[in-house]
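Enquirer: So the chains spell out like this:
Protein chains: 4
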Amino acid sequence: MSADKRFRGVIPPVVTPDTPDHELDVPSFERLINYMIGGGVDGLFFLGSSGEVVFSTDERRDQIVREAVRIVAGRVPVLVGIIDTETERVIEQGKRAIALGADALVATAPFYALGGPVEAEEHFRCLHEAFGDVPLFAYDIPVCVHTKLGWKMLAKLGAEGVLAGVKDSSGDDVSFRYLCQENEKLGHPLSVLTGHEIVVDGAYLSGADGSVPGLANVEPKGYVRMWKAAQEGDWTTVKAEQDRLNEISHIFDVTKGLVGYAGGVGAFKTALWLMGIFDSNTMPRPVKAMEGENVEAIKKVLEDNGLL
Amino acid sequence: MSADKRFRGVIPPVVTPDTPDHELDVPSFERLINYMIGGGVDGLFFLGSSGEVVFSTDERRDQIVREAVRIVAGRVPVLVGIIDTETERVIEQGKRAIALGADALVATAPFYALGGPVEAEEHFRCLHEAFGDVPLFAYDIPVCVHTKLGWKMLAKLGAEGVLAGVKDSSGDDVSFRYLCQENEKLGHPLSVLTGHEIVVDGAYLSGADGSVPGLANVEPKGYVRMWKAAQEGDWTTVKAEQDRLNEISHIFDVTKGLVGYAGGVGAFKTALWLMGIFDSNTMPRPVKAMEGENVEAIKKVLEDNGLL
Amino acid sequence: MSADKRFRGVIPPVVTPDTPDHELDVPSFERLINYMIGGGVDGLFFLGSSGEVVFSTDERRDQIVREAVRIVAGRVPVLVGIIDTETERVIEQGKRAIALGADALVATAPFYALGGPVEAEEHFRCLHEAFGDVPLFAYDIPVCVHTKLGWKMLAKLGAEGVLAGVKDSSGDDVSFRYLCQENEKLGHPLSVLTGHEIVVDGAYLSGADGSVPGLANVEPKGYVRMWKAAQEGDWTTVKAEQDRLNEISHIFDVTKGLVGYAGGVGAFKTALWLMGIFDSNTMPRPVKAMEGENVEAIKKVLEDNGLL
Amino acid sequence: MSADKRFRGVIPPVVTPDTPDHELDVPSFERLINYMIGGGVDGLFFLGSSGEVVFSTDERRDQIVREAVRIVAGRVPVLVGIIDTETERVIEQGKRAIALGADALVATAPFYALGGPVEAEEHFRCLHEAFGDVPLFAYDIPVCVHTKLGWKMLAKLGAEGVLAGVKDSSGDDVSFRYLCQENEKLGHPLSVLTGHEIVVDGAYLSGADGSVPGLANVEPKGYVRMWKAAQEGDWTTVKAEQDRLNEISHIFDVTKGLVGYAGGVGAFKTALWLMGIFDSNTMPRPVKAMEGENVEAIKKVLEDNGLL
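Here the protein sequences line up with chains A, B, C and D, keeping their order. Just so we're on the same page, this note's numbering is the position in the first sequence counted from 1, plus 61. Just so we're on the same page, this note's numbering is the position in the second sequence counted from 1, plus 61. Just so we're on the same page, this note's numbering is the position in the third sequence counted from 1, plus 61. Just so we're on the same page, this note's numbering is the position in the fourth sequence counted from 1, plus 61.
Since the hints were derived computationally from the structure, they do not count as laboratory data. There could be a bad hint or two in this list.
[Stated by the list, open to error] With a straight-line Cα cutoff of 16 angstroms, these simulated EDC-like cross-link-like pairs (lysine to aspartate or glutamate) come out:
no.: 1; chain 1: D; residue 1: 361; chain 2: D; residue 2: 293
no.: 2; chain 1: B; residue 1: 349; chain 2: B; residue 2: 82
no.: 3; chain 1: C; residue 1: 213; chain 2: B; residue 2: 308
no.: 4; chain 1: A; residue 1: 300; chain 2: A; residue 2: 340
no.: 5; chain 1: B; residue 1: 300; chain 2: C; residue 2: 243
no.: 6; chain 1: D; residue 1: 300; chain 2: A; residue 2: 293
no.: 7; chain 1: A; residue 1: 349; chain 2: B; residue 2: 182
no.: 8; chain 1: D; residue 1: 246; chain 2: A; residue 2: 304
no.: 9; chain 1: A; residue 1: 156; chain 2: A; residue 2: 194
no.: 10; chain 1: A; residue 1: 300; chain 2: D; residue 2: 245
no.: 11; chain 1: D; residue 1: 66; chain 2: D; residue 2: 245
no.: 12; chain 1: B; residue 1: 156; chain 2: B; residue 2: 123
no.: 13; chain 1: A; residue 1: 246; chain 2: D; residue 2: 190
no.: 14; chain 1: D; residue 1: 246; chain 2: A; residue 2: 308
no.: 15; chain 1: B; residue 1: 213; chain 2: B; residue 2: 183
no.: 16; chain 1: D; residue 1: 156; chain 2: C; residue 2: 119
no.: 17; chain 1: B; residue 1: 300; chain 2: C; residue 2: 295
no.: 18; chain 1: D; residue 1: 349; chain 2: C; residue 2: 295
no.: 19; chain 1: C; residue 1: 349; chain 2: D; residue 2: 183
no.: 20; chain 1: B; residue 1: 213; chain 2: C; residue 2: 352
Keep in mind it's a predicted model, so treat the numbers as computed, not measured.
Turn these sequences into a full structure, and let the hints steer you where they fit.
Expert: Now the structure itself:
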């Protein structure tokens with residue numbers, strides 16, 4: 062009952078490229094996946110919040126997973142987000158992902174309908190029952206689902222074998238630290254991953270088993286070096302790498318007039334386009350792609366940090 | 062460019078009955094639909110928030126719409142909720158509902174991914190483009206989608222023919238009143254419906270074109286009388302009917318230990334079960350059905366108000 | 062045990078004028094008070110949220126109450142806001158207001174420190190014990206204090222004689238309606254007033270005993286006519302007056318670049334300045350007064366509605 | 062323009078003891094202050110959120126500062142919270158604290174009235190102008206004041222000499238890390254302190270100049286050892302101390318039926334009472350003191366961790 066060793070280290074959430082007419086851009090997708098695996102990442106998380114999961118129809122989701130499995134070709138584990146509103150719908154998403162070759166599934170608390178911790182716990186139990194041996198991660202992302210998963214419940218579900226891990230994007234570092242500590246006491250059943258790319262250093266010090274940093278789409282090697290340094294207890298290097306990565310992260314705050322997904326994932330797509338990895342920075346409907354001065358602002362950040 | 066006359070008056074959101082093994086309970090569904098049409102309602106809204114839309118797989122949603130259209134058999138208009146996360150997924154939901162015979166579609170702002178008013182407006186434009194002449198209602202329900210639709214935008218989209226109406230479950234009576242007033246100035250293109258069953262009287266005074274009261278599943282006739290009184294300017298009766306209905310609405314607050322959907326829709330299902338319209342009060346996973354003292358508490362409210 | 066008849070009808074929250082060097086502008090204050098009493102209001106509420114209560118030192122608060130009592134001179138009841146963080150501080154504010162001649166006191170739930178309904182209820186009990194016979198109103202304003210006062214608790218405290226009334230600025234019309242109905246069942250111990258100037262019509266239909274509309278600083282006569290019409294059951298006039306007043310209320314939304322107090326109370330002050338009632342539109346520090354195009358935009362609204 | 066060296070290291074927010082009749086319990090206060098100074102802390106912060114600032118009248122606040130200055134007697138710097146709603150009131154609080162001997166002042170963003178970043182920035186500028194050379198800390202505590210202070214603004218005000226430091230209780234570790242990094246780029250004008258006792262280790266790794274841990278009232282020595290280890294780059298010890306302290310912190314979550322201040326500061330007071338430092342665990346009105354099983358639960362945590 063100790064965490065699955067496959068799900069440790071740097072496991073970026075993969076940004077999904079679109080063609081200008083909103084189809085999956087397979088060549089760009091292939092370049093990005095190879096760029097990150099070449100950079101040394103330990104796994105890849107597809108159909109996460111920044112991977113267009115909620116913008117994609119079921120057919121498109123299947124295409125993304127199918128292409129991902131083909132391109133990755135077993136080089137690293139493939140985690141797949143099965144984001145949907147409530148239990149029965151999530152079970153359907155999960156079964157399709159398993160059939161297409163996912164190594165692990167990542168599910169949020171139920172959302173849209175109002176509920177509480179009782180419903181969240183029952184939800185994960187139903188999912189585990191439906192998915193059997195396939196590792197299930199709880200994705201704690203209250204900014205999207207408006208429920209915070211309690212650390213006591215998560216640790217308990219880990220100890221019972223319902224959950225294999227947690228991807229924490231809650232922004233609650235106190236809860237995260239309690240979770241790591243409780244997980245340790247219970248024999249470390251959960252693989253606890255942080256989704257906060259700006260404070261991965263603190264999460265590693267807290268005892269995280271790895272990270273899911275969106276910014277690793279743009280600069281995977283820095284996150285890989287940070288993880289290795291953390292494994293060796295070289296905290297000076299951990300901090301220095303985080304400092305450097307955070308400078309690149311200003312692609313999030315140099316643009317104007319954009320909020321949410323348009324500014325966040327939009328920055329990733331625009332950077333990857335400027336770097337020649339993506340053929341365009343097209344966004345899924347109803348979001349508009351960045352233009353003009355916003356593109357220039359991101360270009361400057363990349364240049365200042367040696368990425369162009 | 063004046064609001065479609067079919068979508069006025071009392072249009073309850075239909076609660077969906079489940080068999081104990083979580084299948085659609087068709088006989089109960091038929092009884093409920095006939096009970097409300099017999100009570101004089103002007104339309105029925107299927108797959109709303111209280112109609113298990115987010116708990117139902119696509120296959121189940123199709124079954125609900127198919128049975129609804131069959132049972133209603135043209136007696137009143139059939140509105141269908143096409144609730145899903147973002148534009149492409151909502152378009153798919155809408156196309157299937159149209160194919161199955163929906164008279165109008167009801168869509169929320171996009172949710173899960175973070176966005177703002179720019180994305181919400183573009184979303185409704187994309188939907189209208191995809192659905193053509195089928196009337197499209199904006200469903201303003203920030204408690205579920207965490208975006209409030211601005212009244213200026215809604216009125217503008219009405220005037221442009223993008224939206225046919227608004228179902229307001231925002232709890233913001235100030236915004237609702239501004240919307241009614243602006244809609245009037247623009248020639249009344251929108252059918253503006255309130256989803257707040259407890260203050261339908263105030264909404265009618267504000268100028269609403271009708272209501273979508275969940276409590277009308279339990280007591281449709283009161284809402285029908287209230288609407289007729291409002292049409293005749295008999296505000297004393299409007300208020301008296303609302304007062305009486307609000308007594309019944311205490312089925313929401315006499316239970317203990319339940320939150321959100323479990324307490325709200327759970328109260329409807331339990332009442333309908335006690336009244337013999339539903340064969341059970343089964344809830345969709347991961348929500349538990351009411352039991353024991355909570356059932357007794359609801360029973361007492363129904364008895365006190367002459368419904369048992 | 063029936064609500065105090067003095068606290069019914071239109072009781073505007075009085076906006077406080079400042080000289081350019083941030084002193085109380087007594088002549089402007091006198092003009093405003095006389096303008097509203099001349100317009101027929103039934104009471105005046107000083108040191109409310111829009112009356113600069115939280116911007117004023119204790120000395121300044123005392124000056125405001127002293128001048129208010131002097132100028133009003135018994136023509137209408139004087140209600141005084143005793144807004145402060147927690148119980149002991151609020152008691153001090155209340156004792157000073159009583160000594161200066163307040164006819165009733167208005168207190169919010171405790172704020173800043175985190176608490177719940179248990180603390181809120183105990184708070185009002187402590188205040189009542191300290192103030193004895195002086196009528197105490199609960200001021201329900203979660204947007205400022207981040208606690209919603211439950212209608213069951215408010216009605217109970219009314220029935221027990223702890224509270225004389227409620228000033229509801231919660232924006233929760235469902236809760237408001239339940240409160241009115243419960244109050245009625247208990248013999249109407251509370252004077253229930255709405256603070257939502259845009260939907261006073263709905264609140265009157267719900268059974269409100271009066272209103273506390275900020276916009277009555279600018280146009281008291283409309284609110285007075287609305288109250289009289291409501292008393293006579295003339296709901297057509299009630300709605301028509303509300304419609305007209307809401308046009309004036311667009312002084313809130315025609316400005317740009319301002320949020321919160323700067324845009325709301327700033328609009329009142331700018332309107333009163335343009336109308337010659339105030340000598341300036343100075344705002345309390347750290348808020349800036351409106352300038353340039355924002356002043357012009359408000360001027361246009363006033364002109365369009367015959368107030369200039 | 063580099064941060065004042067006096068305000069580094071462990072600077073606990075001092076819990077304020079009450080006698081059973083709600084007076085300041087001076088002997089208990091003296092014991093607590095000496096306990097913490099004996100434990101090696103680098104400063105003390107009086108009248109913070111956990112120091113009953115918002116529960117205390119001005120007279121009581123003065124008494125607390127006066128006694129604090131007397132008891133501390135120059136052994137460590139005395140920081141004083143000057144928490145009040147808006148600018149003029151905060152200035153008054155600050156002037157009194159300066160007169161009584163405060164070494165530094167700690168002020169939040171304005172609260173109660175709605176405002177934005179423009180008002181917050183102007184507020185701190187007004188305070189600095191009023192207080193002259195006395196060091197001013199911005200206290201970032203959105204859970205109480207409902208405004209988050211932006212890191213760009215804080216760093217700018219540091220570089221301009223308006224702010225001497227920041228006490229961050231925002232729970233936003235991303236913003237905290239950006240603040241530390243920006244502060245460094247600007248020559249480190251601000252003393253940046255974290256208020257999050259559970260993740261002080263991560264804050265130190267982020268570059269914090271110290272911490273303001275409430276739990277240090279109960280166990281100061283652990284925080285002092287952690288700070289020294291951080292200064293020496295011994296991160297293994299830093300983490301181990303934090304792990305140990307977090308076990309003690311479960312005094313926050315072993316109680317039942319309490320929320321907010323009653324559960325948080327109530328746990329501190331109860332622990333200090335059980336440890337013989339306080340003569341009672343009396344809470345300020347309207348909050349009730351812990352009793353019965355809750356006291357037993359805290360006792361057990363203290364025993365399990367060798368504090369009893």
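Enquirer: Against each hint, give a clear statement of whether it holds in the structure.
Expert: Comparing the hints with the structure gives:
1. For the suggested pair residue 361 of chain D and residue 293 of chain D, the alpha carbons sit about 34 angstroms apart, so the restraint of at most 16 angstroms is broken.
2. Taking the CA atoms of residue 349 of chain B and residue 82 of chain B, the gap is about 13 angstroms. The hint holds against a cut of 16 angstroms.
3. Of the supplied pair hints, the one linking residue 213 of chain C and residue 308 of chain B holds, its CA atoms being roughly 14 angstroms apart against a limit of 16 angstroms.
4. For the proposed pair residue 300 of chain A and residue 340 of chain A, the alpha carbon gap of about 33 angstroms is over 16 angstroms, so the pair is violated.
5. Our distance criterion of 16 angstroms between C-alpha atoms is met by residue 300 of chain B and residue 243 of chain C, whose separation comes to about 15 angstroms.
6. The straight-line distance between the Cα atoms of residue 300 of chain D and residue 293 of chain A is roughly 15 angstroms, inside the 16 angstroms bound, and the hint therefore holds.
7. With a CA separation close to 12 angstroms, the supplied pair residue 349 of chain A and residue 182 of chain B stays within the 16 angstroms bound.
8. A distance of roughly 11 angstroms separates the Cα atoms of residue 246 of chain D and residue 304 of chain A; the hinted pair therefore holds under the 16 angstroms criterion.
9. With a CA separation close to 12 angstroms, the supplied pair residue 156 of chain A and residue 194 of chain A stays within the 16 angstroms bound.
10. Restraint check: the Cα-Cα separation between residue 300 of chain A and residue 245 of chain D comes to about 14 angstroms, which is no more than 16 angstroms; the hinted pair holds.
11. Taking the CA atoms of residue 66 of chain D and residue 245 of chain D, the gap is near 15 angstroms; set against the 16 angstroms cutoff, the hint holds.
12. Proximity of residue 156 of chain B to residue 123 of chain B is assessed by CA-CA distance (about 11 angstroms); at most 16 angstroms being required, the pair is judged to hold.
13. With a C-alpha separation of about 52 angstroms, the suggested pairing of residue 246 of chain A with residue 190 of chain D is violated against the 16 angstroms cut-off.
14. For the proposed pair residue 246 of chain D and residue 308 of chain A, the alpha carbon gap of about 11 angstroms is at most 16 angstroms, so the pair holds.
15. The straight-line distance between the Cα atoms of residue 213 of chain B and residue 183 of chain B is roughly 15 angstroms, inside the 16 angstroms bound, and the hint therefore holds.
16. As the CA atoms of residue 156 of chain D and residue 119 of chain C are separated by approximately 15 angstroms, the hinted pair is consistent with the 16 angstroms bound.
17. For the given pair, residue 300 of chain B sits about 14 angstroms from residue 295 of chain C by alpha-carbon distance, which is consistent with the 16 angstroms threshold.
18. The hinted pair formed by residue 349 of chain D and residue 295 of chain C fails the criterion: a straight-line CA distance of about 49 angstroms is larger than 16 angstroms.
19. Simply put, residue 349 of chain C and residue 183 of chain D have alpha-carbon atoms about 9 angstroms apart, close enough for the 16 angstroms limit, and the pair holds.
20. Taken as a hint, the residue 213 of chain B and residue 352 of chain C pair is broken in the structure, with Cα atoms around 25 angstroms apart against an allowance of 16 angstroms.
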